[in-house]
Amino acid sequence: MKTIIKSSVILVVFTILLFIINSVFNVVFYDNYLHNNLFLGILMIIGTSLLTTFIVYNFKSFWRLFTLILILTLQSCNYAKSNQQVVISEDCGMNWKLINSGDAVPKGGLNMCYMKVVIPNYPMQGESKFISNLKDRVRASVHVDYDYSITDPLAFIKQAKYLGKANTSADSTEALNDSAFEGAENMVIDKRIKDVAKRIFLNEDMVELDQSDIEAKLLDESNKILAPLGVYLNFITLTFDLDEQTRQAIDVSTAMKIYQSKGLEEVGKQVMIERAGATKIIVENKTETIPVKD
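Numbering (the working numbering), first residue to last: -19 to 274.
It is worth saying that the hints were derived from the structure and are not from the lab.
Mixed in with the good hints there might be a few duds.
[To be verified] Simulated pairs of lysine-lysine, DSS-like, Cα-Cα distance not exceeding 30 angstroms:
no., residue 1, residue 2
1, LYS87, LYS171
2, LYS174, LYS61
3, LYS178, LYS138
4, LYS138, LYS197
5, LYS77, LYS171
6, LYS174, LYS87
7, LYS77, LYS109
8, LYS115, LYS204
9, LYS197, LYS171
10, LYS115, LYS77
11, LYS174, LYS204
12, LYS178, LYS109
13, LYS109, LYS61
14, LYS87, LYS77
15, LYS61, LYS138
16, LYS138, LYS171
17, LYS115, LYS61
18, LYS115, LYS171
19, LYS87, LYS109
20, LYS171, LYS109
21, LYS109, LYS174
22, LYS178, LYS204
23, LYS115, LYS87
24, LYS77, LYS204
25, LYS178, LYS77
26, LYS115, LYS138
27, LYS61, LYS77
28, LYS115, LYS197
29, LYS174, LYS138
30, LYS87, LYS178
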């Protein structure tokens, strides 16, 4: 019975050892580990060689050997997921490297300047609110909803370096920090959209404005500016919030165009004048005093 148990343990030890050697070989030579972190890659090769030598010369003490290999198997690598874009830096964010999906993500080790940032590889949503002037000095509160994707993480991280968090695990729930990306939207995306929108709106007549055309124009112009920053806007939706006086002016202008199209311009003017004079109606109740006869 003891022989069977011992043989089983030895078989498990060799299976784990072969798995470790194969994993290290694949990670170092096929998963770009040497390219992304040369120092740790070389250490992994040396460590695997020493481990194999130790096992060969200390095979009899298989219990200690089994414990050692079991501990080593717990130190597994993280891999970049398909919905993630992992970038790393070994010099505190001065230079960055992109880890391809499926490649092993290097560990920080003893490098205190090692940084790893996990950027979403899927569309995200954002919004921007600001006040802008349109043609003829018409002021409007503008609400922009947009959907965007980060297409070039290396260009994006240069604009939002504060996203970097030292030694963040790709499997950690903190890897994709929503609040951090909201700040990135404000710094990288919102500012550019505001600048482009305010420039475009100055030539847009609020009465003649075509919602779909101006959204398409804003989307195209914004993407030209955001492309070098690694961001692409998928779509934009605009909402204008006008004050009551501006809304009434737009209603009057629209109504007059309808009267003109029917050849009733003078009638329209008269209606507008009467409507303007009837904004307030004051009703007074007067009581008649009836004299009392003696």
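Right, here's what the structure says about each hint:
1. LYS87 to LYS171: The given pair, whose Cα atoms are some 35 angstroms apart, is violated under the 30 angstroms limit.
2. LYS174 to LYS61: Violated, because 34 angstroms separates the two Cα atoms, which is more than 30 angstroms.
3. LYS178 to LYS138: holds (26 angstroms)
4. LYS138 to LYS197: Within the cut-off at roughly 27 angstroms; holds.
5. LYS77 to LYS171: holds (27 angstroms)
6. LYS174 to LYS87: Given that 30 angstroms is the threshold and the Cα spacing comes to 40 angstroms, the pair is violated.
7. LYS77 to LYS109: Not OK: LYS77 and LYS109 at ~34 angstroms, beyond 30 angstroms, violated.
8. LYS115 to LYS204: Satisfied, since the Cα-Cα distance of roughly 24 angstroms is no more than 30 angstroms.
9. LYS197 to LYS171: holds (17 angstroms)
10. LYS115 to LYS77: violated (46 angstroms)
11. LYS174 to LYS204: Given that 30 angstroms is the threshold and the Cα spacing comes to 14 angstroms, the pair holds.
12. LYS178 to LYS109: With Cα atoms ~12 angstroms apart, LYS178 and LYS109 stay inside 30 angstroms; holds.
13. LYS109 to LYS61: Status violated; Cα separation ~34 angstroms.
14. LYS87 to LYS77: It holds: about 14 angstroms lies between the C-alpha atoms, which stays within 30 angstroms.
15. LYS61 to LYS138: holds (22 angstroms)
16. LYS138 to LYS171: Answer holds: LYS138 to LYS171 is near 16 angstroms, not above 30 angstroms.
17. LYS115 to LYS61: Distance ~48 angstroms between LYS115 and LYS61 Cα, so the pair is violated.
18. LYS115 to LYS171: holds (21 angstroms)
19. LYS87 to LYS109: Violated, because 41 angstroms separates the two Cα atoms, which is more than 30 angstroms.
20. LYS171 to LYS109: Measuring from Cα to Cα gives roughly 11 angstroms; hence the hint holds.
21. LYS109 to LYS174: holds (9 angstroms)
22. LYS178 to LYS204: It holds: about 16 angstroms lies between the C-alpha atoms, which stays within 30 angstroms.
23. LYS115 to LYS87: violated (56 angstroms)
24. LYS77 to LYS204: holds (25 angstroms)
25. LYS178 to LYS77: The hint is violated at about 36 angstroms.
26. LYS115 to LYS138: violated (36 angstroms)
27. LYS61 to LYS77: holds (16 angstroms)
28. LYS115 to LYS197: Distance ~16 angstroms between LYS115 and LYS197 Cα, so the pair holds.
29. LYS174 to LYS138: holds (21 angstroms)
30. LYS87 to LYS178: violated (45 angstroms)
In summary, the structure is inconsistent with hints 1, 2, 6, 7, 10, 13, 17, 19, 23, 25, 26, 30 from the numbered list given earlier, while agreeing with the others.
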